[in-house]
Amino acid sequence: MFDYPIFEMPFIGHRLLFAFDAILHVFISHGAAVGGSIILVLSQWLAIKNNDAKLDALSYKILFTFFILATAVGALTGIGIWIHINIINPAAIGALLRVFFWKWLIEWIVFNVEMILLLWLFLIWKKHSLGTPGKKKVYKLLVSYAVASWFTMAIITAILGFMMTPGNWLVSYFPAKPDYLASLLNPSWFPSLGFRTFWSIAWAGSMAMVLSYFFTRDDLELRKKAMRLYGAVLLGCIPFIIAFGAWYYAQFPQAAKELFWMGMVTRRFAGNPEYATYVTVILSALVLLGAITFYTKPKQAPLFLGIIMLIGSMGLIGGFERVREFVRKPYIIYDYMYANGVRVADVPYLNKTGYLKHAAFVPPEFREVTDENRLVAGKYLYQMQCRYCHTVNGINSVKARTKGMSEEAIYHRIGSLNSPATPFMPPFTGTDDERKALAAYLASLAEQTPANVYKQKLDEVSK
Amino acid sequence: MTDFRIIPGDIPLPLPTMGLEFMEPFFHGLLIVAWVVHILFINVLLGASLASVYFNSKGHKEKNPIFDRVGYLLTTPVTISENMGALWGVAPLLLVSILLTPLFYSSSILISPHWLHIIYGNVVAFLLSYLYKYTWHTLEHRKTLHIFIGVVGVALFYTLPLAFMSNVQLAMTPTTWTYTTNFWDALLRPDTFFRLVHFYLATFAVTGVFMLVYGMYKRRSKDEVDRQAGIVLTRTGKTWFIIPTALNFFVGPLVLFSFPDYGIEAFFANGYFWGIILTVVLALYALYQLLKDFFNDDIPDRRVWTVVAVMVIAIISMASLRHGMRMGLVKPVLEASHAKTELFQKESMAAFEEAKTKPKTYTQGDTYPGKTMAEKHGCLACHSERVKIVGPSYRDIAAKGYSPEQIVELVYQPKPDNWPGYMPMPPMPQVPAEDIKVIAEWINSLK
Numbered sequence: 001m002f003d004y005p006i007f008e009m010p011f012i013g014h015r016l017l018f019a020f021d022a023i024l025h026v027f028i029s030h031g032a033a034v035g036g037s038i039i040l041v042l043s044q045w046l047a048i049k050n051n052d053a054k055l056d057a058l059s060y061k062i063l064f065t066f067f068i069l070a071t072a073v074g075a076l077t078g079i080g081i082w083i084h085i086n087i088i089n090p091a092a093i094g095a096l097l098r099v100f101f102w103k104w105l106i107e108w109i110v111f112n113v114e115m116i117l118l119l120w121l122f123l124i125w126k127k128h129s130l131g132t133p134g135k136k137k138v139y140k141l142l143v144s145y146a147v148a149s150w151f152t153m154a155i156i157t158a159i160l161g162f163m164m165t166p167g168n169w170l171v172s173y174f175p176a177k178p179d180y181l182a183s184l185l186n187p188s189w190f191p192s193l194g195f196r197t198f199w200s201i202a203w204a205g206s207m208a209m210v211l212s213y214f215f216t217r218d219d220l221e222l223r224k225k226a227m228r229l230y231g232a233v234l235l236g237c238i239p240f241i242i243a244f245g246a247w248y249y250a251q252f253p254q255a256a257k258e259l260f261w262m263g264m265v266t267r268r269f270a271g272n273p274e275y276a277t278y279v280t281v282i283l284s285a286l287v288l289l290g291a292i293t294f295y296t297k298p299k300q301a302p303l304f305l306g307i308i309m310l311i312g313s314m315g316l317i318g319g320f321e322r323v324r325e326f327v328r329k330p331y332i333i334y335d336y337m338y339a340n341g342v343r344v345a346d347v348p349y350l351n352k353t354g355y356l357k358h359a360a361f362v363p364p365e366f367r368e369v370t371d372e373n374r375l376v377a378g379k380y381l382y383q384m385q386c387r388y389c390h391t392v393n394g395i396n397s398v399k400a401r402t403k404g405m406s407e408e409a410i411y412h413r414i415g416s417l418n419s420p421a422t423p424f425m426p427p428f429t430g431t432d433d434e435r436k437a438l439a440a441y442l443a444s445l446a447e448q449t450p451a452n453v454y455k456q457k458l459d460e461v462s463k
Numbered sequence: 464m465t466d467f468r469i470i471p472g473d474i475p476l477p478l479p480t481m482g483l484e485f486m487e488p489f490f491h492g493l494l495i496v497a498w499v500v501h502i503l504f505i506n507v508l509l510g511a512s513l514a515s516v517y518f519n520s521k522g523h524k525e526k527n528p529i530f531d532r533v534g535y536l537l538t539t540p541v542t543i544s545e546n547m548g549a550l551w552g553v554a555p556l557l558l559v560s561i562l563l564t565p566l567f568y569s570s571s572i573l574i575s576p577h578w579l580h581i582i583y584g585n586v587v588a589f590l591l592s593y594l595y596k597y598t599w600h601t602l603e604h605r606k607t608l609h610i611f612i613g614v615v616g617v618a619l620f621y622t623l624p625l626a627f628m629s630n631v632q633l634a635m636t637p638t639t640w641t642y643t644t645n646f647w648d649a650l651l652r653p654d655t656f657f658r659l660v661h662f663y664l665a666t667f668a669v670t671g672v673f674m675l676v677y678g679m680y681k682r683r684s685k686d687e688v689d690r691q692a693g694i695v696l697t698r699t700g701k702t703w704f705i706i707p708t709a710l711n712f713f714v715g716p717l718v719l720f721s722f723p724d725y726g727i728e729a730f731f732a733n734g735y736f737w738g739i740i741l742t743v744v745l746a747l748y749a750l751y752q753l754l755k756d757f758f759n760d761d762i763p764d765r766r767v768w769t770v771v772a773v774m775v776i777a778i779i780s781m782a783s784l785r786h787g788m789r790m791g792l793v794k795p796v797l798e799a800s801h802a803k804t805e806l807f808q809k810e811s812m813a814a815f816e817e818a819k820t821k822p823k824t825y826t827q828g829d830t831y832p833g834k835t836m837a838e839k840h841g842c843l844a845c846h847s848e849r850v851k852i853v854g855p856s857y858r859d860i861a862a863k864g865y866s867p868e869q870i871v872e873l874v875y876q877p878k879p880d881n882w883p884g885y886m887p888m889p890p891m892p893q894v895p896a897e898d899i900k901v902i903a904e905w906i907n908s909l910k
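Sequences listed follow chains A and B, in order. Last residue of the first sequence? That's 463 in the numbering used here, and every number before it is there in order. Last residue of the second sequence? That's 910 in the numbering used here, and every number before it is there in order.
Same shape as in the complex, but just chain A:
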């Protein structure tokens, strides 16, 4: 965005940089904290009910693993999501913070409760053995911890829902006046929350199954008990995941639904949307195969089935998050702000007056396109409008995407980035001069020098 400095992530690009942190966070936090705490409540409840010391000991080992993961990786990568958008798309996170400040502050308070409960729980668990009154306290702490961690997810889900289906959140554009309640109660909040809750539990179930496998190497009876318990949880969640998923999908804006298949199979296979179905079926089959085998034959099932169950789950979760991010394109906040931080309402003004003119961190000599500064101005435009999704040489490289195109062809293409052929790209914003500058810069990348252009022409003639 033109108000901020430019940070470029070479080769891997912003989307992958962000995705790395975000997906790590989702795997760990949804699994080890949100779903994990619910799984632990169940195990603890059973252990107390049946006075089962072995199940209690197993639960502690699982808690220990979840604790390390949730605090060292989950919580920090959660803050990391924020830090990443902070430098990738400050305009978007700035807007989200202004609209969701109080919800975020409440989330933070609950997060405190969650963390204190977890630390406390973890530090006292071993002091109270089964059958002592202290154990009841541990159990209550555990339940409160589960509630708190679910609640933090509920608020974040509202924000994610808002980005895709903001509803009627903006009372007026100029001066901007948000409707804070409407933004919270956006249409996809509840369905997506239900969807996330159940797959978190299922995912935590599969993690718990694999962990139990390791922790019960010398006690197959205990393994059977654990696999039955966690397997039942995982399998029981599936109908809910499907039901909430369908409800969630129904809330997508029409344009997002149209991008749905492409989001799943990537654009290269956009002509073959059925691949998406194959991949989903295969991944689900991996999960089911693992879960059902562990459930029915807990003592014999080999570890590798557990591993493919984890891989299948991660594939499904990662795929879901990818699709969710992709179908929101070209927006970062639907209908309000494009993925590159340009507000939809500002486009006419920027087209009229120029984009670079407002760029605070571009040296003044490049704010007006001239013959001398054309390439540098074009580069700034690329960095401010395209680098969110493109890199120069790496992933989704603009150089590759414009390969073989003449400067003029690039110029034409830039005029219709948001066309139905590529509806996921925001339109180019700026004056005609700026559009030419960007085209010149992009053409220079692929070394479409005049000499090359003549060579190309020669080829055509000699054909």
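Everything labelled a hint here was simulated from the structure, so no lab data went into it. Cβ coordinates follow ideal geometry from the N, Cα and C atoms, glycine included. One or more hints might be untrue.
Output of the computed footprint for chain A on chain B, the stretches with three or more beta carbons under 8 Å from beta carbons of chain A [to be verified]:
| id | region |
| --- | --- |
| 1 | 470-478 |
| 2 | 557-571 |
| 3 | 574-580 |
| 4 | 812-820 |
| 5 | 844-852 |
| 6 | 883-893 |
Guided by the hints, dock chain B onto chain A, whose structure is given.
Chain B only, in chain A's frame:
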């Protein structure tokens, strides 16, 4: 008037004050308090993790189980303060993000990618600190390895303030921004350097106070080794507090006078000077209290609590004047930023309204339904009637003599091989087949 080369714009949405007058001052107050809590946890994290490794190796070298116990005891505050410290960093981040958006976001980007170190460096340091803690007994006989793990983790923790301090210092001095400022520029400045020294010294001082309290509890323990460890903690706590605090009397002024002049002027004009006096007096009083009992291992509880209370007030006072200095430095640029954003919004609104009323310009395709359709579906972005733009001209395509059905197929699944030298056409499965047939009629009419 100070010259600001770069004035970033602000977020064009109102502050979430819920229409309440007192909300903004409340935000500032909350920022100070949350920041103090955050920084105290971070101080203890840094200090205690270093002390733990130090006593671990001392215990190993001197074969003294008491020092070993001190090191082990210190891992619990490390676990608590690394978690709580990170958590309490979120609230200041949230508040700074709405109060100082243009400054803080800009500086974060200027020092990136190094800014990301506070996530990835932190995750690794966290994991190492857990590894260090939970292998204390398993690695009992491989102490060198164990100490090595501890040292690497601690070293990593000590690099995190470098990223934080450069960011914070850069955010509060927008006069120093250039179009090419980066992380190293911000880190290697005298003002950042003095602040870092001040911070690290304060870290030891705060950890010293913490050790006094921790030692006080451990001295009451029933376990003999714990009791001895408590005494070691108390002794160490005193030195850790006294020496760095005394040094900071000298580093403090260096920090103050390394700020830009207009900030220092605002600082004195707004009376923050009294905050410094208060802090110095309180710190001197705390030093005096501790020196009285310097050689007494059984330092009375009352004395310890007095030092804690006095230092908490001193730190809040310091945090407030730090905030005052920051606001003095950023106020001119924040005001300019708000004014700039407002002007932008006004002009943008005018253009927006104008665009709403203006009719679309292209209507010449009316006579050819196929051409209108091609326009609507974005085909004309890449194809023109006669000349090659991105894709081949429609006349050239018409020369191939496809049937409308074939063209539908080719739009859904283009065959780039038919057109060597061109980029592949993106498949456009979303365009209805009937529409493509209408376009196809038109294409074929161009022959």
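Hints, one by one, checked against the model:
Restraint check on the region 470-478 of chain B versus chain A: 9 residues with Cβ-Cβ distances below 8 Å, three needed, restraint holds. Three residues within the 8 Å Cβ limit are the bar, and the region 557-571 of chain B against chain A gives 8, so the coverage statement holds. Given as covered by chain A, the region 574-580 of chain B passes the check, having 4 residues with a CB less than 8 Å from a CB of that chain where 3 are the minimum. Residues of the region 812-820 of chain B lying with their CB closer than 8 Å to a CB of chain A number 6, which satisfies the three-residue condition for coverage.
Closer than 8 Å: that is the beta-carbon criterion, and the region 844-852 of chain B has 4 residues meeting it against chain A, so the requirement of 3 holds. Look at the region 883-893 of chain B against chain A: 9 of its residues bring a Cβ nearer than 8 Å to a Cβ of that chain, three or more, so the hint holds.
Consistency note: the structure conflicts with none of the earlier hints.
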